[in-house]
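Participant: Chain residues, written in single-letter form:
Number of protein chains: 2
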Amino acid sequence: MDQTHQEECFAVIFTSIRTSVDDGYEATASLMIELAKKQAGFLGVESARENIGITVSYWDSLEAIQQWKIQMDHTIARQKGREIWYSSYSVRICRVLTAYSFEKPN
Amino acid sequence: MDQTHQEECFAVIFTSIRTSVDDGYEATASLMIELAKKQAGFLGVESARENIGITVSYWDSLEAIQQWKIQMDHTIARQKGREIWYSSYSVRICRVLTAYSFEKPN
Numbered sequence: 001m002d003q004t005h006q007e008e009c010f011a012v013i014f015t016s017i018r019t020s021v022d023d024g025y026e027a028t029a030s031l032m033i034e035l036a037k038k039q040a041g042f043l044g045v046e047s048a049r050e051n052i053g054i055t056v057s058y059w060d061s062l063e064a065i066q067q068w069k070i071q072m073d074h075t076i077a078r079q080k081g082r083e084i085w086y087s088s089y090s091v092r093i094c095r096v097l098t099a100y101s102f103e104k105p106n
Numbered sequence: 001m002d003q004t005h006q007e008e009c010f011a012v013i014f015t016s017i018r019t020s021v022d023d024g025y026e027a028t029a030s031l032m033i034e035l036a037k038k039q040a041g042f043l044g045v046e047s048a049r050e051n052i053g054i055t056v057s058y059w060d061s062l063e064a065i066q067q068w069k070i071q072m073d074h075t076i077a078r079q080k081g082r083e084i085w086y087s088s089y090s091v092r093i094c095r096v097l098t099a100y101s102f103e104k105p106n
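Quick mapping for you: the protein sequence lines, in order, are chains Y and W.
The first sequence begins at 1 in the working numbering and counts up by one.
The second sequence begins at 1 in the working numbering and counts up by one.
Treat each hint with caution, since some may be false.
As the list claims (entries may be wrong) - To be clear about the criterion: a stretch of chain W counts as covered by chain Y if any three or more of its residues have a C-beta under 8 Å from a C-beta of chain Y, and this derived list gives those stretches:
| id | region |
| --- | --- |
| 1 | 37–46 |
| 2 | 50–62 |
| 3 | 88–96 |
To be verified - Residues from chain Y that keep clear of chain W, each with C-beta distances beyond 10 Å, as calculated:
| id | residue |
| --- | --- |
| 4 | S20 |
| 5 | D23 |
| 6 | A27 |
| 7 | M32 |
| 8 | K37 |
| 9 | G41 |
| 10 | F42 |
| 11 | N51 |
| 12 | I52 |
| 13 | L62 |
| 14 | E63 |
| 15 | A64 |
| 16 | Q67 |
| 17 | I70 |
What the hints assert, rightly or not - Quick list of in silico lysine-lysine cross-link-like pairs, DSS-like style, CA-CA up to 27 Å:
| id | chain 1 | residue 1 | chain 2 | residue 2 |
| --- | --- | --- | --- | --- |
| 18 | Y | K69 | W | K80 |
| 19 | W | K38 | W | K80 |
| 20 | W | K69 | Y | K104 |
| 21 | Y | K104 | W | K38 |
Quick caveat, the hints were computed from the structure, so don't treat them as lab data.
Being a predicted model, the structure only gives us computed values, none of them experimental.
Where is the CB? At the ideal position from N, CA and C, for every residue including glycine.
Start from the sequences, fold in the hints, and give me the full structure.
Facilitator: Below, the structure written as structure tokens:
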């Protein structure tokens, strides 16, 4: 994720609550990660699910985020997300102002 | 989390990888959430841990984020985090530009 420590960086925070319906959810979620990685301006992604799911993706511009939003496979997946996979979700598009990291010395 | 749909909103994205050492981690993590909620300018928090942990907290100003950073119990916990609980972590402070939600109709 070192690529996110650059001049301009934007984050999309996607938080979601799943329904109990599977119907290809995991496969589609994995595919979306792979497709996002191929998009212009993609910088990285981090994801975890416990009671809620949080996926944060990082991009080099708002235009890159918009292009991913309208990417065809993603648009179909988002539609299916609203219809069957998610009982609710939130999307927050953010500008990263400051970033720092800690790595424990061995 | 409706409070985050307001004029000015900032997000702190904290991603972390845990060590195998427990030593009061869960109790401290819960306490930090409770203390953060009491801070001026706190708007909400969401958290999930799978392979990595992602905690996103929301605040009404950068000053509120700074005040939470230097809050005494939090400062002690952050020190212990670096010493024993986390093998690595990243902090990203962001300005929320756009926010929208979806709620499935019943």
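Participant: Against each hint, give a clear statement of whether it holds in the structure.
Facilitator: Do the hints match the structure? See the list:
no.	hint	result
1	37–46	violated (count 1)
2	50–62	holds (count 7)
3	88–96	holds (count 9)
4	S20	holds, 12 Å
5	D23	holds, 15 Å
6	A27	holds, 17 Å
7	M32	holds, 16 Å
8	K37	holds, 17 Å
9	G41	holds, 16 Å
10	F42	holds, 16 Å
11	N51	violated, 7 Å
12	I52	violated, 6 Å
13	L62	violated, 8 Å
14	E63	holds, 13 Å
15	A64	holds, 14 Å
16	Q67	holds, 15 Å
17	I70	holds, 15 Å
18	K69/Y <-> K80/W	violated, 40 Å
19	K38/W <-> K80/W	holds, 21 Å
20	K69/W <-> K104/Y	holds, 20 Å
21	K104/Y <-> K38/W	violated, 30 Å
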